[in-house]
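Enquirer: Following the hints, complete the assembly by docking chain B onto the known chain A.
These are the residues of each chain, in order.
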Amino acid sequence: MGTHALILLLLGAPLLAVLWSLLVRRLAGWANLLAALVCLPASILLLIGAGRPRQFFDRLLYLDRLGAWVMLCTAAVYLLSSLFALDCMRHGEDTRRLPHFYALFALFAWTMFAAPMANMIGVYWIGIELTTLVSTFLVGYERSAESMEAAWKYIIIVSGGISIALLGTVLLYWGGTFVLGPTYTLDWSTLDAIAPRMPAVLLQVGFLLSLVGYGVKVGLAPMHTWLPDAHSEAPAPVSAMLSGALLNCAMLGIVRFLAATDTAGHGAWPHRVLIALGAASLVVGALFILRQRGVKRLMAYSSVEHMGVVALGFGFGGALGVFGALYHMLNHSLNKTALFIGAGSAVRRFGSHDMQCMGDLPAAMPGFAWLWLAAAVAITGAPPFGLFRSELSVLMAGWQRPGTRWVAVLFLLLLIVIFAGLLDHFRAMFTRPAPAAPAGPLPGVLSGLPLALAVAALLLFGLWWPPLFTHWFGQIAHALGAAV
Amino acid sequence: MLALHLDPVLASLFSLIAISALVLAFVMLGSRWLKDYMLAFAAQSWLIAILSALVGYAGGYAELYFVAALTALFRGLVLPLMLLWVLNRLHVNRELHEIVRPSTALVMGAALVIFAVVVAYRIGHGVGIETRVVILALTVMLSIKLIGFLMLAIRREAISSVLGVLLLENGVFLGSQILVPGMPLMIELVLLFDLLVAVTCFAVLVRYLLSAVGATGSQALQKLAG
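Which chain is which? The protein sequence lines are A and B, in order. If you read the first sequence in this note's numbering, its first letter stands for residue -11, the second for the next number, and so on. If you read the second sequence in this note's numbering, its first letter stands for residue 4, the second for the next number, and so on.
Extracted from the complex, chain A is given alone in its bound form (with noise of 0.2 Å):
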């Protein structure tokens, strides 16, 4: 099949279960639940095809292998939280608001497909904007006082910052103009080949500020204020798709904008300043792990501290930090939709968001429990899973990188200690006797089976490192810039 017949495969199926779940209205969770079944395999194949970058339908869209790589990541999530949907949004009070949902959900997806692939900067910024409007509304689904609060918080906070990012696009905009003219189009590939003949100083403010524009998206530290609420309150499915999935999507971004930067030579400041933002996250997410009551809190917490990992692996660079750091990106997208499965489904069954009420949980969750246990174990980076090994190639990426020995080191010690603070909790849950007897729905096949799926990749993927991402992790390292 040609590429293009797969991009349109990627936006349409979405786009079609959005209008199937309006129009038709019965069955919407199902026709969802197609909709990702096709976009796993078309991304699959994409990420196949896609070689060298290439533009496509009249320059609109970008195909590059990155941006195959993070759109991999979201079809993978959404397939796994759209299973998941169709048992957890069953137990709802209000069923005839179901469509809406669905069609918001596949809408969502849709929105974080046809980011990555944006082929003008400014075209990238309205598609991470539209993603905020979507999941807004998916936010604010439970219409109680606390979603709400959330989702306020959310709209205002994210926009907010992503207007930063559209300052910085304007300053890059301007600084195009002294190569190649009032106008032209800013597009990613064109980014690179005027960045080292731009003003030098337009290029650095222009880094600076998409870096903390799209930052308050991905949700490092200090702009992740939003995160924690967004991803507590919304339906857990939601919650998968916003930590899984959305984070990577504005990653993406950063990871271009730095990449312009290194082309232009302007050395290892832009990294130091990623690096630091990745510190703080893992500083601040390591904290609030140790201190957390809330059980979908204790998750969101989690993803500020791995989108701190991702970021870490960028900013040491090199080949092993670039890969550790793709490799990151999907280990940490399946790990946290089978952490938010489980989340979800104790959050039901026991009637509260609070770990306080939740014990004895191989009881109150046969079977499923340990399952829950194995993903949490995998995202501490603990062996055999997926994580530690590319948890292993950023701390190697830092050790090796001149001057941030020390970061390397500090990285260890909070990946002990968020080990240590995550595993108590669950050492809690599982074996203090349940404070009152649970009451809510047992998790269906249709939890279980996402969340054993997931757990399944993830030992595949620290068992056994696929040769094939290595080959298109080298090349995409070598777009990059980084010395392979």
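If you're looking for bench data, these hints aren't it; they were derived computationally from the structure. Quantities reported herein were computed from a predicted structural model and do not represent experimental measurements. All C-beta atoms in this analysis are idealised placements derived from N, C-alpha and C, irrespective of residue type, glycine included. Keep in mind that a hint or two might mislead.
So the derived label-pair ranges between C-beta atoms look like this [stated by the list, open to error]: (1) B:F118 <-> A:Y172: 52 to 58 Å; (2) A:T83 <-> B:N91: 46 to 52 Å; (3) A:T83 <-> B:L76: 36 to 42 Å; (4) A:P184 <-> B:E133: 22 to 28 Å.
Expert: Then chain B, alone, in the frame of chain A:
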């Protein structure tokens, strides 16, 4: 670039508009009446529309007339009317729980403008262009942005937050008209569209906030912490 070869009359007009927009941002900062914010925002949007038309005339960018019309229509008319509608439904007309008094806020705003001037000169120096219009455009762009963030930080009514976010983007619009008039039309169009969608979101949210939380100020939003 356009800003380098302006005839003096146009350059003065540009400067006048930029400075007036900045003054309007201070009007928003110094008032506690929500209708004043809205009127100041509408006036600022009209100024930006006039600026677009002028830049289009001076630089021969025909599409900027279109952008000007859209800016006036959406940001100058539709958005303020929508906000007015929301205001009337919510029965709030002034900021009740101010964190910082308007007079103090004005002083803070002035400090931010000074910071913006310093940054603008640094950028201008780095680019090698230190004409007055360019420095002024940069200054106004950065200061409106900073004042928008200041408003977000010190105001608690939901409407003030919405206007704060809109103000952030007005700054970028204003600066980009002067600095990069050639930025593609499509971007401008979608930005306007995007803004409309954003405000729809805000309007819906404000209504929800009232029905679910029972208040329109963010001081009620303190359940989620830690």
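Enquirer: Please go over all the hints and tell whether each is borne out by the structure.
Expert: Results for each hint:
1. B:F118 <-> A:Y172: 52 to 58 Å: Hint violated: Cβ distance 31 Å, outside 52 to 58 Å.
2. A:T83 <-> B:N91: 46 to 52 Å: Violated: the Cβ-Cβ distance is about 35 Å, outside 46 to 52 Å.
3. A:T83 <-> B:L76: 36 to 42 Å: holds, 41 Å
4. A:P184 <-> B:E133: 22 to 28 Å: Since P184 (chain A) and E133 (chain B) have Cβ atoms about 24 Å apart, the given range 22 to 28 Å holds.
Hints 1 and 2 from the list above are not met by this structure, while the remaining hints are.
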